[in-house]
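**Q** Chains as they are written, first to last, in my numbering: chain B, 155 to 493; chain W, 11 to 347; chain U, 2 to 314.
Just so you know, these hints were derived from the structure itself, not from any lab.
These numbers were taken from a predicted model, which means no experiment stands behind them.
Don't be surprised by glycine CBs; every beta carbon is placed ideally from N, CA and C.
You may find that some hints are simply not true.
Just some of the chain W residues that point at chain U, by a computed CB distance under 10 Å [claimed, not checked]:
id	residue
1	188
2	195
3	298
4	328
5	334
Facing chain U, a subset of chain W residues (Cβ under 8 Å, in silico) [said to hold, decoys possible]:
id	residue
6	162
7	165
8	176
9	182
10	282
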Amino acid sequence: MAEPLLQVENLRTYFNTPRGTVRAVDGVTFSIDPGETLAIVGESGCGKSMTALSILQLVPEPAGYIESGRILFRGKDLLDLRWDDMKTVRGREIAMIFQEPMTSLNPVFTIGRQLVETLVAHDGEATTGWQRAEELLARVKIDDPRRVLHSYPHELSGGMRQRVMIAMALMNRPALLIADEPTTALDVTVQAEILSLMAELQREFGMAVLLISHDLGIVAEMADHVGVMYAGEIVEIAPAAQLYRSPKHPYTRCLFASLPSRQQRGKDLVTLEGVVPDPANWPPGCRFAARCPDRFAPCPSTHPVLAPVDGAQCARCLLYPAAFPPGVPVQSPEKETVR
Amino acid sequence: MLTNVDWLSTLAPFVVLAAMVIMLRRAGRTPLWSEAFRRLRRNPLAMISLAVISLYAAVAVLDSISWRTSKTDDFRTLLQRIAERPKERTYSAPYATVTTGEPEPHPLNEKHLLGTDGVGNDVVYLTLRGCRTALILGGLTSLIATPLALMFGMLAGYFGKWADDAVLYINQVLSSIPSILLLVALMMVLGKGVLQLCIALGVTSWVSLCRLSRGETLKHREREYVRAARALGLSHTRILIRHILPNLLPLVIISVTLGLSGLVLAEAILSYLQLGVPPEVGSWGNMINGARVELAREPVIWWGLASASGALFVLVLAFNVFGDALRDAVDPRLRTG
Amino acid sequence: MLRYIIRRLLYAIPILIGVSLATFVLFNVVATPEQIAKKNLSSKNPTPEQIQEWLKDHGYDKPLPVRFKDHMTEVMLFKFGKSDATDEDIWGMIKVGVGPSVSLMVMVLIAGTFVDLTVALFVAYFRGTYIDAWGLFLCVLLMSISYVVYLITGQFMLGRILKYYPSSGFREGADVWKFLLMPAAIGVVSSLGQYTRLYRTFVLEEMNQDYVRTARAKGVSEDRVLFGHVLKNAAIPILTSVVTQIPLLLMGSLLLESFFNIPGIGGMTVDAIFSQDFAVVRAMVFLGSVLYIIGYILTDISYALVDPRVRLG
């Protein structure tokens, strides 16, 4: 099996705030193979966006910092790179697109200028750049690319702007595309178009994609693997088909259960009780314990590890004996169920 | 005996202080302000500047309590009785024993911490007497201008149409006139005096506050709670006073506090143009402008300028720092530089 | 664009009518012409005939409504008449004074903006550090010093201590900059605090925008991010602020010109104030308003020119 393109090991990204240290990303590990798509889903505040930003070291300073961990891209640890070297990675080998296409584009520069800048920043030629930009705009299915090249961001619709962002990311044919909630700010109909466009381009360019979203439904089409994040940690990660077929972590199961579906017609929507714990003060033990319908005795005090439970599927839950940290006696739920 | 007390001057500062205390306590019960006060308390710079302002205010109060010993005497304030020093002949340097600038220096009656001015007044005493003028200029002007600006701004924003057109027109006319010239013109026709200066400054500072309250009223008029109040049948007046006004107050108070420094500074400029307060009324502006001639003398007489500009600087700085801190405590998003 | 300018100019007319109405009320009703006459006649107790003659000479003797009509037409046609104090033709005085005023203003504007912007960029580059905090505090300090104190101490320091010559006055020709250097320097320093803080805020606001993150994610160098992206966006409010300063400078240099004996229109106005010359002050108020209104229109136009998002309707 070829070496993974991106390997994140035990990433921890913290923030200094007046309330204390916020551990936004607290020990996240995953890997992406060349050409495949990993989706990370989770609710707001679970740390998924910060994970993405950490890979390119774009964590908002001075409050945020990467505390520890390794980010191996093609075998090299990105965290060892100096700023100048990191610059050559950004936009060329790893590209990123963001949630808000309006504010993510500079309002006073034309689209063409911003597209060409991506090339120029990596020693490209400006003259051929405009040509390439026009080609890419056509590739992302924008009508009349030449007119758009000379337009300003505020003259385009949200969907068009996101297409421009995608084109911009592809200018240097990156090996990895990080998409942070690319469709959240768009209309539902446009969402589907953008996603299928991304899938198509991925096949064509042979890119790997890290797709961040809060919406399980959206990632179903594109994802080869899916990771679920909660409270700064990955709580379940599995090949997509396996996850959708049989989710193992109670949180994932609740997420699926809360999706409205025809089978539940006429019944109340399932909701999760409680709220996400305070990120400045993660509880000891399992962070989902307070809201978990399946919690039992050891959960509030024992912090589960992410362990394989079914082939390539891993879950961070004490329902599965492998998740007990080494040295802690294994308990099983049948005997004691706390309700 | 009771007619020998200058009641207006004596009681006015206490009335103002009492009103402020009452309003602060009422405000402190609202979550917005109690949170703001809490943040302010934690800000050391803000507390220091507040202490400085209070110090100046205390001096001003001392300079307001005034009475006379008999019907034929002049009214003299408490500050005058405490701090007045015997007059010398003419200039003298800080802590000197003889006068300065005379062909034959004369010995002084006593040591003066910051020297004396041209007619022999102790500079520290003169500076202290300037406090009251400065604070009245800031305070009285705001007291006059703010309610009027608020009222017109709210009427314009709330009722719209002709009221709005009228107020907008007045605003535009007033803001088209360069404010220095407007001040000058007003002072030329009103004459010199503290009250006249307050009115003139009030007219020039009226516009920005009116615009602010109009803008905010417009924003709030469209909010649901106003529509809900109308649906419940509340009268316009009630809505304006009980609902919209409290939402305006934070911004207005911040704006006024930040404007205080500008008001106090304006006096020096007008004094240069000989349009400020009359020379009998002590003011830092008068002292600063007098210094222009003093600096040209040989040896240089710098202590009057230093003292007055120092006192002015410290007060203005305190207003600026406190105003910024207040704005950040209420809502840091308001920072516009 | 042209339609917009014409519309704004047309709308300026009722404003200017309001301004001249205000000045008329101030100078004819609040202070009566008899009082003005008494102030300007040299003898201590002018006889009624002398007063009448002065009033007639300066057009104050007609009844109020007629004076009002005259005032309005004259002012709107820019016929300012004669100075109350020196009998000079006011327009003539203005024409003579414009040159020095404009040259001083240009110096202060260009030098000032350059200095303010440089310091602001420097401080913004080091945002979050001690340099930033101290820089800001210094700005507040500088803003808290009275303008008059700047003038007096500035002239004293540069003139007597550093012995810069000439310390006041004005002469046309090649040497003109020597006379303007000191007042311009003081003018720049006195407004340094205010504008530096303002420009720093503009720059910082842009630095926190999403497109900066996008540019970094594209691998753009930090220099280009700052000078290409951030500055270009910050230039919009900065430029608008600079244009706004133009009318302010023409009027604000009142004290500057007066202090340093520069024969500009500001100094002329101050002389009129000293001698209670109401005619000149009236004229300058009106002229100042015209300049301010033109300044507002210029500001809006500059906004439209620089920001591609703005289309003037």
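**Q** Now, for every hint given, state plainly whether the structure supports it.
**A** For each hint, the structure was consulted:
1. Here the hint on residue 188 of chain W is kept, as its CB sits about 4 Å from the closest CB of chain U, short of 10 Å.
2. A hinted interface residue such as residue 195 of chain W counts as satisfied when its beta carbon comes closer than 10 Å to some beta carbon of chain U; here the least separation is about 6 Å, so the hint holds.
3. This hint holds: residue 298 of chain W has a C-beta 5 Å from the nearest C-beta of chain U, less than the 10 Å allowed.
4. A cut of 10 Å between beta carbons decides the hint on residue 328 of chain W: the least distance to chain U is about 9 Å, and the hint holds.
5. The criterion of a C-beta within 10 Å of any C-beta in chain U is met by residue 334 of chain W, whose closest approach is roughly 7 Å, and the hint holds.
6. Annotation: interface hint on residue 162 of chain W violated; nearest CB of chain U at approximately 16 Å, more than 8 Å.
7. Interface restraint check: residue 165 of chain W against chain U, minimum CB-CB distance 19 Å, threshold 8 Å, status violated.
8. For residue 176 of chain W, the interface hint is violated, the least distance from its beta-carbon to any beta-carbon of chain U being 11 Å, above 8 Å.
9. The interface hint given for residue 182 of chain W holds, since its Cβ lies 5 Å from the closest Cβ of chain U, which is under the 8 Å cut-off.
10. For residue 282 of chain W, the suggested interface contact is upheld, since its CB lies about 5 Å from the closest CB of chain U, less than 8 Å.
Consistency note: the structure conflicts with the earlier hints numbered 6, 7 and 8.
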